[in-house]
Amino acid sequence: MTRQLNKDTTVCMSLAARPSNFGTRFHNFLYDALDLDYLYKAFTTTDLAAAIGGVRALGIRGCAISMPFKEACIPMVDELDPSAKAIDSVNTIVNTNGYLKAYNTDYIAIAKLLAEHQVSNQLTFALRGSGGMAKAVACALKDAGFKNGCIVARNEEAGKHLAGLYGFEWAAEMAGIQADLLINVTPIGMAGGAEAETLAFTEETINAAQVVFDVVALPPETPLIRYAKAQGKKVITGADVFAIQAVEQFVLYTGIRPSDELFQQAAKYARG
131 MTRQLNKDTT VCMSLAARPS NFGTRFHNFL YDALDLDYLY KAFTTTDLAA
181 AIGGVRALGI RGCAISMPFK EACIPMVDEL DPSAKAIDSV NTIVNTNGYL
231 KAYNTDYIAI AKLLAEHQVS NQLTFALRGS GGMAKAVACA LKDAGFKNGC
281 IVARNEEAGK HLAGLYGFEW AAEMAGIQAD LLINVTPIGM AGGAEAETLA
331 FTEETINAAQ VVFDVVALPP ETPLIRYAKA QGKKVITGAD VFAIQAVEQF
381 VLYTGIRPSD ELFQQAAKYA RG
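Residue 227 in my numbering is what sits at position 97 of the sequence shown, and the numbering runs on without skipping anything.
Read the hints as simulated data drawn from the structure, not as lab findings. Note that CB positions come from ideal geometry on N, CA and C, so glycine has one too. Mixed in with the good hints there might be a few duds.
Stated by the list, open to error - What follows is a list of derived Cβ distance ranges for each label pair:
1) R148 to H247: 23 to 29 Å
2) A338 to G297: 20 to 26 Å
3) K363 to T140: 21 to 27 Å
4) P212 to E327: 37 to 43 Å
5) N278 to G322: 33 to 39 Å
6) E299 to T332: 15 to 21 Å
7) G294 to D390: 26 to 32 Å
8) A180 to Q395: 19 to 25 Å
9) R148 to L188: 39 to 45 Å
10) T328 to L135: 38 to 44 Å
11) R148 to L253: 18 to 24 Å
12) S389 to T174: 30 to 36 Å
Please take these sequences and the hints and turn them into a complete structure.
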């Protein structure tokens, strides 16, 4: 039986600079499979405060937060969960009767993928980016025992702050840096932007690395991932990150944890 939308349907949403269908397909697949009276829709905004106000005023149950809003939305919520407070970055807002509590499920996804792919904490790394997602990645690396790494960010203030927070080095550019583990936490390679076909690292740098991790989820295979695969490197994709953090959001919104089999089906459907 096909679900019918009605006045009591619970609405969840996402806010991103470049909305994609990944989260929409992932969440709505699970709503259908579990026969939940929910609907998920992706949005962008040029007025973040008004958008978050709308979440509160309209009774939107959950809101996923993507680049570049992960830090800017913090003053607009009522409470930060420890997962968001620890890294000062938000990717999930849960609305309970007008009370907005913010979480960060990115950290969970990053930590899980580093463990699943058995990425050795003895590797040196270069993390390109200094925004909200970069904070989640840097924190996960630190907690996993990584000690030798560099935050590469043109924004000197943000880059130095992030590096100092976790005891890593900082550099403005990749010039002269070689690392075993490369992590892109910038929009380079993301569909819809000016740099959609650009590699986040030079071919020489990728060739010298062992593991390449790109948090960009759209497209599922970025130019960086395609090139690294062609060179036989171990890769971790943004689509993997997105699926894991999204299922944690789903649990926060609905109180239901789907089976691993159903999770894999939803992730596959979303990537399609």
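Each hint, compared with the structure:
1. R148 to H247: 23 to 29 Å: holds, 26 Å
2. A338 to G297: 20 to 26 Å: holds, 24 Å
3. K363 to T140: 21 to 27 Å: violated, 42 Å
4. P212 to E327: 37 to 43 Å: About 39 Å separates the Cβ atoms of P212 and E327, which means 37 to 43 Å holds.
5. N278 to G322: 33 to 39 Å: Once the Cβ atoms are compared, 35 Å apart, the range 33 to 39 Å for G322 and N278 holds.
6. E299 to T332: 15 to 21 Å: holds, 19 Å
7. G294 to D390: 26 to 32 Å: About 38 Å separates the Cβ atoms of G294 and D390, which means 26 to 32 Å is violated.
8. A180 to Q395: 19 to 25 Å: violated, 36 Å
9. R148 to L188: 39 to 45 Å: For R148 and L188 the Cβ distance comes to about 23 Å; the hint is violated.
10. T328 to L135: 38 to 44 Å: holds, 40 Å
11. R148 to L253: 18 to 24 Å: About 30 Å separates the Cβ atoms of R148 and L253, which means 18 to 24 Å is violated.
12. S389 to T174: 30 to 36 Å: holds, 32 Å
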